[in-house]
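Participant: This is what each chain is made of:
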Amino acid sequence: MNNNELKRLLQANIITEDTAERIREYYRDNKRQSRFTLSAVFAIFASVFVSMGIILIIAHNWDELPKLLKIVFAFVPLLTAQSLCLYTLIRNRDSIAWKEGSATFLFFSLGACMALISQIYHIPGDLAEFVFTWMIFCLPAIYIMNSSVLSILYLAGITWYAAETGYWSSTSGSALWYWLLLILAIPHYYLLLHKHPESNFTIYHNWVVPLSVTAVLGTLSASFPELMYVAYMSLFGVFYLGGQSSFFSSSKRRNNGYLILGALGTVSLLLSLSFEWFWKKLPAKDFDLSSLLISQEFLFALVLSCVALLFLYQSNRLKIQRIKPLDGIFLVFIVVFMIGAYSMISMILINIILLLIGMMTIWEGVRSDHLGILNYGVLIIAALTLCRFFDTDLSFVIRGMLFIVVGAAIFILNTWMLKKRI
Amino acid sequence: MDAQKKNIKKWVIPAFILLCLAQLVLPIKMVADREAVVLKGKAFRFKVAPLDPNDPFRGKYITLRYEADSVKVKNVNEWVRNSKIYALLDTDLQGYAFVRGISASRPDDQLDYVEAFVTVMNLEDKNTLHITYPFNRFYMEETKAMKAEKMFLESLRSPRSNVFAEIYVRDGKAVINDVVINGQSVRDISINLK
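If you're matching them up, the sequences are chains S and Z in order. Just so you know, UniProt numbering puts 320 at position 320 of the first sequence, and the rest follows in order with no gaps. Just so you know, UniProt numbering puts 110 at position 110 of the second sequence, and the rest follows in order with no gaps.
Simulated from the structure, these hints should not be mistaken for lab results. Keep in mind that the hints are not guaranteed to be accurate.
Derived lysine-lysine pairs resembling DSS-like cross-links, with alpha carbons at most 30 Å apart [claimed, not checked]:
| id | chain 1 | residue 1 | chain 2 | residue 2 |
| --- | --- | --- | --- | --- |
| 1 | Z | Lys29 | S | Lys70 |
| 2 | S | Lys70 | Z | Lys40 |
| 3 | Z | Lys126 | Z | Lys84 |
| 4 | Z | Lys126 | S | Lys70 |
Now the in silico label distances, taken between C-beta atoms and shown as ranges [stated by the list, open to error]:
| id | chain 1 | residue 1 | chain 2 | residue 2 | range |
| --- | --- | --- | --- | --- | --- |
| 5 | Z | Val80 | S | Trp277 | 53 to 61 Å |
| 6 | S | Ile57 | Z | Lys150 | 56 to 64 Å |
| 7 | S | Leu292 | Z | Ser103 | 31 to 39 Å |
| 8 | S | Leu65 | Z | Thr119 | 44 to 52 Å |
| 9 | Z | Lys47 | S | Glu64 | 52 to 60 Å |
| 10 | S | Cys306 | Z | Val80 | 20 to 28 Å |
| 11 | Z | Ile13 | S | Ser290 | 51 to 59 Å |
Heads up, the beta-carbon is just placed ideally off N, CA and C, and yes, glycines get one too.
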C-alpha cells in the first residue's frame, strides 16, 4: 500500500491517523524482514558456489605441486570457513546471512578437505564411511552455529549415507546408525517448530525429515521383506496423523510434508498392493514365527504401529465425530495383511478399502468445501480403475465407458461444488 | 535477556573451538597415518594386471588391478565373501610382491601384511581364493588422464613391458606411492606426452 492511498483513506475519514501510522509500521517491518531473508538466501547460495568452486579447482589435482603444498591447500578452505564461523559467533551472532552462510561454507570445506587428502594419498575409501565421518564432524556445528541450512545439509548427508550402505553398496547393511544420527538432529528441528513454526526453514524441515525417513526405512528390509509393507503403512499413518497434531495444525497444507506424504504414501502403497502378485506369493511363504518376532523389520513395524496408534488415540479424543478417511488405515492394513498370509481375499479387501477411501475423501471434500480434497478422492478412484485395467480382461468398450464415467464425475462434482460456493 | 545471551556465548565459543580442532585433527590424522606408512613402512612392487579396457578411468583416476590377487587355500568355502582379511606379503625373485597366505585375524607385527577383501569364490577350483585390495585407485591430473590411459593400455598389451605400482605397507595399511611403466613414473611420462 503506498502513501497516497493512505492519505486518501485518511481524508475520507475511513481510517484514523493512528491506524495509518500502524499500517506504515507494518509494511516497514515486512520490508525489513524480507530484506533479511533475501540477504540470507544470497549468503547461502554464495557459500555453496564458492565452496563448489574451490573443490573443483583443487580437484584438478595439480601434479606439478609438491605433496606438502597440496596438503596445505586442502586445509586453506577449512581454516577460512572456521575463521568465518568464529567471527560470526563473536561479532555477528544475530545475522542470519552470516550464520547460515559461514556454516554452509564450513560444511563443504570439511568435506573438501577430507576428499582432497584422500586424493593426495590415493585412498579409495568407502563412500558411506566417508559421508558418515563427514556428517559426524558437522553435527555439533548445527547447534553451535544454530544453523538450519547446516541441519538440512546434514539430513541430506545422513540419508545419502544410509542409501549408500543399505541400497547401493555390494555389502548391503541396514544402516542402523542412520536412526541415531537422525535423533541427534531432532532437537534443532524441535526448537525450530517450537520457536518459528511458520518460518521457511521449518517448512523445509517439515518436508526433508519425512522424505528422508521414507527413503531410508526400506534399508531395514532383510529376511522378511514382506513385513516392510506393514512398516511403511504404519510410517505413513504416523506421518498422516502426526501431520494433523497441534504442532502442525496451524501450518498450510502445502507446508505440511507429513500430511501430504502420509496421505499420498498410504494410497500409493494400497494401490500397489491392489494387484494380485503380492497376495499370490504371501501365503506360499513359510514364516518362521520365532525368527520373525525378533527381526528388525518386525520391531520397526511394531514401534511405528504403536506410535501411529498413539497419534490416532490423541486425535480421536479431540474430534471423535470427525474421523478422516485415512485415519485408521494402518490398523486395518495389519488385519488385512494377517488374513493375506492365509487367503487371497486380502486382495479384494484392499480394492474395497481403496474404493471406500476414495468415496469418503470425496465426501470429506464436499463437507469441508475443499476442491483439492474432493479431487484427490476422485483421483484415488480413477487410479484404482486404471490399475484394474492392467489385470482384468474387460473389453475396450467397458473400459472406455468407465473412463467416461470417471471424467464426467470429476466435471460434475467440481461444477456442483463451485456453484454451491456462489 | 542480555545475561542469557552472555551465558550462551560463554559455552558457544569454547565449544566451537573444540569442534574446529576435532575437524582439523580428522584430516591431519589421515595425513599422519599415511605418512607413517610411507616413512616407516616397507615398499612392495605390485605387478599391475591388464585392465578392463571399457572402464579403466572413472573420472580422474586409474583403476589398478594387481596380478597378486589370488591365494591358495585349503577350501574356499571356509571364507566369507566380502569379509576383511589380512594378506601376508612376500617378494619373489624378480622383486615383485606376491601373497603367501591369508589370515582372518591380524597377523604378528613382525610380518608384512595388508588389509584386503575376499571377492570371488571360484567354485570349480576349491583351492583358489580371489582377493581385492583397498588401494586400487591412482588419482591423476585431469588433463593427463586421457593420454595416460592410452599409454597405460598400450604398455600393458605389450608382452615385454613392465608395469608395477609401488606401494608402502605398514601394520596392514597401504599407500600407493607411484605407478611405474618401464622404469618411469606414469606422472612424468604423461607430462612428456603433453
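Participant: Output the numbers, in ascending order, of every earlier hint that fails for this structure.
Facilitator: 4, 5, 6, 8, 9 and 10
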